[in-house]
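**Student:** Working from the sequences, and respecting the hints, build out all of it.
The numbers in UniProt numbering rise by one with no breaks, and the one at position 166 of the sequence shown is 166.
The hints are simulated quantities; they were obtained by calculation from the structure and are not laboratory data. Remember, predicted model here, so these are calculated numbers, not experimental data. There's no promise every hint is true.
What the hints assert, rightly or not - Just the calculated beta-carbon pair ranges, DEER-fashion: (1) Ala252 with Arg128: 31 to 37 Å; (2) Ser356 with Lys257: 38 to 44 Å; (3) Thr144 with Gly75: 19 to 25 Å; (4) Ala252 with Ser35: 47 to 53 Å.
For each residue, glycine too, the CB sits at the ideal point set by N, CA and C.
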Amino acid sequence: MMSLRVLVLDAQLSSRKLKVASLGALGTRAVYQASHCDKAMAILRQVDGVDIVVCELNNDTLARFDFLLAAARDGLVSAVVLCSALAPQLHRALERINLFARISLAGVVGPDAPVQQWHLILTHYIRRKTMSHTLPAILFKLPTEYEVRQGLAAGQFNAWFQPKFDLRREALCGVEALVRWEHPSRGVLLPRDFLSAVLAYDLIDDMFKQVFSQGLDLLDALGQGGRHLEVAFNLHASQLASFDLPSYVEAALIERKLPGSAVSFEIAQNGLLDMSLATMASLLRLKGLGCGLSIDDFGVGFSSLTLLCQLPFNQLKLDASLVEELSDENSRAMLATSVALSRAVGMSLMVEGVSSQAIQDTVIAMGGTFAQGFHLAKPMTAKRLLHWLGSTAPAVE
1 MMSLRVLVLD AQLSSRKLKV ASLGALGTRA VYQASHCDKA MAILRQVDGV DIVVCELNND
61 TLARFDFLLA AARDGLVSAV VLCSALAPQL HRALERINLF ARISLAGVVG PDAPVQQWHL
121 ILTHYIRRKT MSHTLPAILF KLPTEYEVRQ GLAAGQFNAW FQPKFDLRRE ALCGVEALVR
181 WEHPSRGVLL PRDFLSAVLA YDLIDDMFKQ VFSQGLDLLD ALGQGGRHLE VAFNLHASQL
241 ASFDLPSYVE AALIERKLPG SAVSFEIAQN GLLDMSLATM ASLLRLKGLG CGLSIDDFGV
301 GFSSLTLLCQ LPFNQLKLDA SLVEELSDEN SRAMLATSVA LSRAVGMSLM VEGVSSQAIQ
361 DTVIAMGGTF AQGFHLAKPM TAKRLLHWLG STAPAVE
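**Tutor:** This is the structure in structure tokens:
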């Protein structure tokens, strides 16, 4: 954290001081503060720019965006953390900032984000910044709207499936559908290469429908072979508020003669903050259909006991970053706490990022049951998955 320089833009003195104190406690090299955009711009020019602007959104949101765009255009900032209590359906608009300026969205936090959340955001920013200097520049070239629409029309967005395991029973318990863009000239692209563009061009629902259909195709194929697995799909929280997802899912399941329990949906926990009534209604309707609901990226953002106890989720997914170094006391404590918490609230815990036998053994020893990761099985196409199931895969739970 020592090398980072951060500017906090917040009109409220008490809130601004809290953010500055949190960043200072993490050993940030320099933390500047401003109460309005003009002062913030003057500071940026005076200090020749910063790494991150922490920007509180209020009734003057458009002016804040104009400031951020101008600062990025002049090369005075590379990333922004937005502090916002806006409803999840507006987060899609916030993410468009990646398109309109040379600036990345490092995170969106609530008004009372704890120090631990700031630590994770800054750590992930440093990690991404380091990777950007080592990976080929072509991976970070944002596709145009025409390219995305053409790719969707040509069926280039395809579901790959990563198996999930019950470690104690040594059995397969499901698969997660992960979208890949099989680009004709750039090869197979991961979501990090195109998801911000899909969101910005408001094509996330179109992409989801294609991936969902492919997942149901897999379920049909599995059923014909006498196998029954749950397929999990990722959702952006805004889809729950702006798209009649439950009706679409119900109609598709009825058409395929599949039960709701055949599918589950994973939603990142930060997208569930300050949710609208429409989002809550969609979650309840999906639960009513028998679908599974999982809180994704658990442990790397704002975690609320109220959120866990009041919403109709049945699974937590522990983020991969939290099990990378289980020799570290803090990482082990996070895993142990997550295991205990999931049991206390009556949810299963899926541990992501099991990349070695040592991590797998530690997860089992500390009470973890369900897991996925490259050590267990890598994502694969439906065709390869079916072949794998018929040859080397463990028994289905």
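**Student:** None of the hints should be skipped; say for each whether it holds.
**Tutor:** Results for each hint:
1. Ala252 with Arg128: 31 to 37 Å: holds (35 Å)
2. Ser356 with Lys257: 38 to 44 Å: holds (41 Å)
3. Thr144 with Gly75: 19 to 25 Å: Because 23 Å falls inside the window, the suggested range holds.
4. Ala252 with Ser35: 47 to 53 Å: holds (51 Å)
Checked against the numbered hints given earlier, the structure satisfies every one of them.
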